[in-house]
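In the numbering used here, the protein residues as written are 62 to 289.
Hint data in this document are derived by calculation from the structure and do not stem from the laboratory.
A few of these clues could be false.
Subject to a maximum C-alpha distance of 27 Å in a straight line, what follows is the list of computed DSS-like cross-link-like pairs (lysine-lysine) [stated by the list, open to error]: (1) LYS100 / LYS281; (2) LYS158 / LYS281; (3) LYS281 / LYS219.
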Amino acid sequence: MVFRKTIDFVKTNSPILEPITKFGGQPNWLEGSQWPISKVLNIPMRFICQIELTEDLFHGCSGKMAYVFMTDDEGYVDGTWEPDGGENAVIIQPNGKPQANVQNITIGPSLQNYVEIEGRDRLQPIDVELAVNLAVAEDPEFIEETQRFEMTEADSKKYSDTLSGNKIGGTPGFLQGDEFPDNETDWQLLMQLDSCGLPFSVNFGDSGIAYAFINRDGSKGKFLWQCC
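All chains, full assembly: derive it from the sequences and hints.
Here is the structure:
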């Protein structure tokens, strides 16, 4: 079995300034800002979250923080789903190896939600910042797609249902086929986000699920998403 932590999002009354796991707001950098820049638009990507790497889930990576970003603008930008498309990034500190163009930007775009505001015809975006409660659970070991095809329909569904939801660590529950960032690196799941169960707006396509990964020594990370 593989340990994971199921995410329960919690509203906050004031900004979170500590280097702990959170979603939205502004990054709490450990060693100076490394804000990734969109390859196509040349603007700062939107900050999604920061994940504290703890020893119980990420052995040997204690004391590090992973920051997850994705390009999100009013116009459509292709490639946000690709791990090497230049439109998303996982920045790890300290001593990480950024896989994107970064700049020393203090404040940048953050998570938003769309709400009703009196006197406005359309829903309006507001910035959000959320703390988390994390519940330890267990996932089964990863079963490759070719092996899942040989499972009964009931067993396959049970396996997929077990891996679903918003979580840190654990085993990825791919919506489509198996899709690790590459075949050369021993990747482990950093985070899984299901857009159908989030208290904020994020574009992972049609009912999409996003997956962030880090390598075993916590020196680099990558991000991708799949949709129906």
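Quick rundown of the hints versus the structure:
For the proposed pair LYS100 and LYS281, the alpha carbon gap of about 19 Å is at most 27 Å, so the pair holds. Taken as a hint, the LYS158 and LYS281 pair is honoured in the structure, with Cα atoms around 5 Å apart against an allowance of 27 Å. Restraint check for LYS281 and LYS219: not satisfied, since their Cα atoms lie roughly 32 Å apart, outside the 27 Å limit.
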